[in-house]
Amino acid sequence: MRLLASLALLAWLPGAGGPVEFRNVAASAGLTRAFPNGGDRTKQFIVETTGSGAAWIDYDNDGLLDALLVSGAGGLTRLYHNEGKGRFRDVTEEVGLAVASGWGQGACAADYDNDGFTDLFVTYWGQNHLYRNIGGRRFEDVTARAGLRQSRVRYNTGCAFLDYDRDGHADLFVANYLKFDPQTTPKPGENPYCWYRGIPVNCGPRGLPFDRNILYHNNGDGTFTDVSEASGIAAPDQNYALSVLTGDFNNDGLEDIYVACDQTPSLLYINRGNGKFTEEALLRGVAFDENGKAMSGMGLAAADYDGDGWLDIFRSNFSDERETLYRNRGRGEFDDATVAAGLARNTRYVGWGCGFFDMDNDGWQDLLLVNGHVFPEVDRLGIDIHFRDRAILYRNLGNGKFADISESAGPGLEERHAARGAAFGDYDNDGQVEVLINNQNEPPSLLKQAAGAGSHWILLRLTGTRSNRSALGAKVRVTAGGRTQSDEVRSGGSYLSQSDLRLHFGLGAARRVERVEIDWPSGARQVLRDLPADRVTAIEEPRGTL
Amino acid sequence: MRAISVFAVFALLPLAAEDRTAEAVDAFHRGRYADAREMLEKVVQAAPGDGVAQTFLALSRAATGGCDTAAGELGRQFAANQDASLRRLAGIALVECHLARNRLADAWPVLDALQKEFPGDADVLYETAKLHMRAWNEAVFQMYQKTPASFRVNQLSGEIFEIQGRYAEAAAEYRKAIEKNPAGLNLHYRLGRALLLESHDTAKLREARNEFEAELALNPSDAVAEYQVGQILLAEQNAAGAMARFERSVSLSPDFAEALVALARLKTEAKQYPEAIGLLERAVKLQPASESAHYSLMLVYRNAGRMEEAQREKTVLDQLKRPPEGEFTEFLKRLGEKTPKP
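Chains W and S are the protein sequences, given in the same order.
Quick note: the first sequence uses this note's numbering, first residue 1, plus one each step.
Quick note: the second sequence uses this note's numbering, first residue 1001, plus one each step.
Pulled out of the complex, with its shape left as it was, chain S reads as follows (with noise of 0.2 Å):
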């Protein structure tokens, strides 16, 4: 419960708020969940009606391991409560005791409530990601307990490793499961991405592209791994090679942006100019936020001395780039409109 922020109830309470509620309040704000929790006890015992007090009291509960005794008043107030905020604090409150008596079924409902009526609350999100990774937590200790031998953990391994940017780890991993499943969909595609994410070296570049090719071995029709191969090959300098690869991606998955841009950026080099310009023109329909493409459209536009329509595509770019407004960012921004001294 050390979790729940502090809010500005004062602001909240009636002005005819009984002296001893809002003493407990403050306690409770304060950090002092224990004299809160004794003091409303109180309260709510000689006036069953204050429903403030109430409130307080089952989150007084709950922060001090009375989970069991407030999980009822905290559902009731947060299916019920007029006050948004105090609704949104008994909400949040109410996960957090799931969590604690590892419900984790009953969380979810009570989150999906809070979200619809609190987007973007950080608090809120917090909950959120505390409760996926409270569910992957134990997704991954059942499949490590239950399952050790099979190629799923090695896998899984290979990718918190590419998540932590150990990719020399990662691909050994995706070895092993490759070795206990040979014939296993996406792990040489896995192994490829993280020997590129490892290096680009010549040797890197040959060993990754093998592994594309061993997954399109098993699946011919996998674009992404097609659209790998190309990558590569551009790198190698062999344009050819990457465009057809590009163009049998583009075949097998028309809607795939990012093969599309690669392709059109091979048509502009060769000033293919009005090939390139359909590509892009299907790319920014299908991906609207990618700035990859609408930057290639926009520079294909220019080469083809379409100014007007180039500038308006630089438009897009710029609002494109502008950065995402959000407690995050502002926290950021705050951070660094701190006054340097001279």
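Excised from the complex, chain W in its bound form (with noise of 0.2 Å):
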């Protein structure tokens, strides 16, 4: 008994965990379709850097999460049915999603209509799309009887939907990064801001005009209003506003929102509870880089890494720039832990689709981030910053530190590609959360370890009955072998990107959950006990006063 017992607590060791082995399994699973995105050698103009997002849904409710990639100009956004057994099949036509074509940047999804099913929204330089689930069978482009049309082309790019007022409906916010028409944007070389280290490239996001985010609110009839100015959250103009995460920073039970911005400070909207938001990055710390500078932000992820009840967040950033990991020091204020975690020595990349997730269900939040940079010329410098580039993957040691172990985490890691969006998700209940990842003008990866679980698991479904039926910002304390971990339902995130809407916990060694304790976006709380591990468990909201 001694030996298994010591084998068990060498499962539950901060970093113990064992060798990870991650590959492409994208073209054995049917995704083999390069989504277009602007040069390849070069290119002309800033929309073609920023693009595209990816997403797992379930759109048909047959608990297999399906893949959507969103394309830039020349293609599609397709969606692709989880046929089982690691297989997927194409049905973007079969659905109705074949309608619109343009410059896609990202996805994000929510039950806005609580009808039971997925919906999908698609942001366009363009115009956005509101795609509503018909019972799982199809969808129906929606936007204009949504009242989401916009009375102009704008460069929307990261969204999410969130319940700010928990009435019950998932409202919806839309970053917006500049105002770009190629009729009047520079082109590569004419002026100062589109050269890079000495080389022509496309103009911006300096020297563009900025633009505004937008937040819809949702009048629970299926159509929704533009409160941006009433809310507070088009107050900040002068920021480039990519990525969108949401989560309550200040613990409040209010959902705020983090935007990252390039080249510009970033954006924490703090939810003060009564329709408004006040922008606070600066003073809680979550504006710059710990210089002060800003930095820019592409993509983000949350996660109480540290397990002490906080969401921290962390924003992938521009070569040159180090990653940036902001701990939460309680209230919603960070410190920049990025050199104390170490993760301050990859600075040859540019940083996207990003995602905390559990790789090796030890209890601890691992990191992977997938990059990529915005500009083809460089290939021509020679000097080791790359178009196409490897992933980085880190390993939390437990101890507020990560360790990069790319290098060794298996081939899947080493391959090289202009990555954009990651959407991190569990596709064959398996256990190990899976990285569907969209590449420029490649086919996606689809990022799998090759080897099973080797420690315990339980996947969340949260639905809400009271609150907003997808669970958006429901709030979630697993305690299993004696330790506890938080976590939050949310859409949006990583790059322009949607992950799973279920929660994936790594028990280690524990077999059974001791407690499930969720604070739900209506102000119940739950509290469920002793849930048996390795498997997916579904959760409703209670539907009565508790």
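Quick caveat, the hints were computed from the structure, so don't treat them as lab data.
Worth double-checking, as some hints may not be accurate.
Derived CB-CB ranges, DEER-like [unchecked claim]:
1. S:L1320 / W:G136: 46 to 56 Å
2. W:E407 / S:K1271: 31 to 41 Å
3. W:T278 / S:K1271: 25 to 35 Å
4. S:P1182 / W:G382: 23 to 33 Å
Note that CB positions come from ideal geometry on N, CA and C, so glycine has one too.
Hey, can you piece these two chains together into the complex? The hints should help.
Encoded structure:
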């Protein structure tokens, strides 16, 4: 028994996870189509650089995540049905999604009409599209009917559904990058902001006009109202906004919004609970890096990586910049923990999609980010910055630090792509999280671990009844093996992407979950005890008063 | 002389100006310098007291390769013309003439006077940059020609590669310089810095640290090399070692603001807020425009619960973060303000 106990303990030791081997299984899964996104050797305009996102959604409620890949101009955003056994089938035309083309940017998902089926929102430079899920069989473009048609061309980027006013209906936040018009935007080399290390490149974002972010309130009748001005979301108008991350960062029970901004301060909208937000990134310590400099913020991820009960934030940035890890020191005030956590060395990558996930089910959130430069022309320089680059994987050591294990984590991590969006989800329900990555002008990558999950896990699928049906904003604390982990259900995140709406927790050696505590957006608190591990557990919000 | 811009000189001309002078000035502004010169020669012959004609004749002569005959008049106009715009034009043309005749020493005082009278003028700044570049080129040419085997040639080559972002080549040149002059100060430091600019991987950090340590062996009072070692130790997760190096750096150079900030950050991490605040208050006094120092001070005030002072620092930061006003910025703003089509 002593030996068994020792082994069990080992599985729980921070950072004691076994070997990790990620392989790209996209081709064998049937994800072989390339998604166009501007030039490969040179890019004329900035719009060619920012796309596109990826999403995991279970649109037909069969319990298996389906894959969505957003396309730039020249292709269609495509939905692939998960057929089981690791295979996907293109159902884009079949479900009615072959309707929009153009410069697709990002995607986010939620059941905005609370009918039991997850709907889809796709952002564009141009016009966004809201696709209502009709019974899990097809999608209907309801953009105009929902009041989401925009009066001018906008450069919409990240998006996220959230129930900011806790009225039981998912509202919608859409980040806007800048005002872009190919007719008036300077060409490569035409002004000092159109150069990179001595070579002419596409211009911007500096030198191009700012736009502002948008918050749409869900009226509960299938329509939305733009409340950007009234809510205070429109006030900051000097930022190049890309990714969106929702979370209750100050633990006041209200969803806040963090936005990664390019070359300008990132934004933290604190939800005041009266329909208004105040932007407080600077004083809360998440606008800049530790030197007080604005980074080129790209992707975002949130997790309680150090297990203190507060949501921390990771942001991917540009080359010659450090990634940024903001540790929540409580009350939604953050310290830049990048150096202290060991994340300061990878400065040669332009980072995009990123996410915390427990790759080895040891109970600690690891971190993956995907990379690729914005300028294909950089390859001409012969330096160690490349247009196509590998991903970076950090193992959470459980002591506030991470170890870079990219070079020993399998061939999938070593492949070089101009990667952008990355969505995290367990598409085969085997307890290990897979990563769907949208690569510019190439087929997507689907990173899957070669070995099975050594430790135990639980996947929680939450359904709101009084709260919004997707349970957005529900806060979950899972206690197993004497440790408590926490997370929230969120839409959006990563880089212009949508990850699994279910919550995955690694449990280490624990075969049962002692306690699951859920704070629903409605205010209800639910506690479940003694749940079995290694399965997907559906939890519905209690309908009556607890 | 092509660099001389078009100016709204018509507004400056007296209303009663001779038509021929106006026609010649117009020709000058249209870039027809030879025509302008020919017309102005005649005007000045007929009316030697026409100051505008005299100035533009000198400008036209300069623009058509006649600096020898123009320089004297340009000098007189620059010194004595009552009209600031014409004085400015004459000064710029005079600088161009000195440059054309490779008389750099004569050009400096003219530029100094222009800068005093027209600070922030794009054309004057352009001429200044041009003169510096010419002087730099001359010096480099001399060095490469007369002392090609000197370590200075390698050092300068390294610095040029660095500016071009070619860090590996820069490092190679610094290595050659060190080989030629192992006791040369600042060479190991430059090499260490080039290595850091090249990459932050483990091997490069180690190599760079070795170079900074080598610099310190030559010059134990080099506060900046101490600071760099501290930064590397920090990247290597050795906070205690980094703190010791930053402390030494500050003791070597008490006014080294970057080291004060770095040390203060570690004190902040260790929750030693009063010490951190003291260091940062020193840093912002030394460098009132340092965003990094003000940002760190804002955060440590916040962490210490001194929210009023944190807000005050935030206000300072908001001011510092405002984009600089100036012609270049305005130019870029104008570019950005083109209204996209719906």
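So, going through the hints one by one against the coordinates:
1. S:L1320 / W:G136: 46 to 56 Å: holds, 54 Å
2. W:E407 / S:K1271: 31 to 41 Å: Hint holds: Cβ distance 35 Å, inside 31 to 41 Å.
3. W:T278 / S:K1271: 25 to 35 Å: holds, 28 Å
4. S:P1182 / W:G382: 23 to 33 Å: holds, 30 Å
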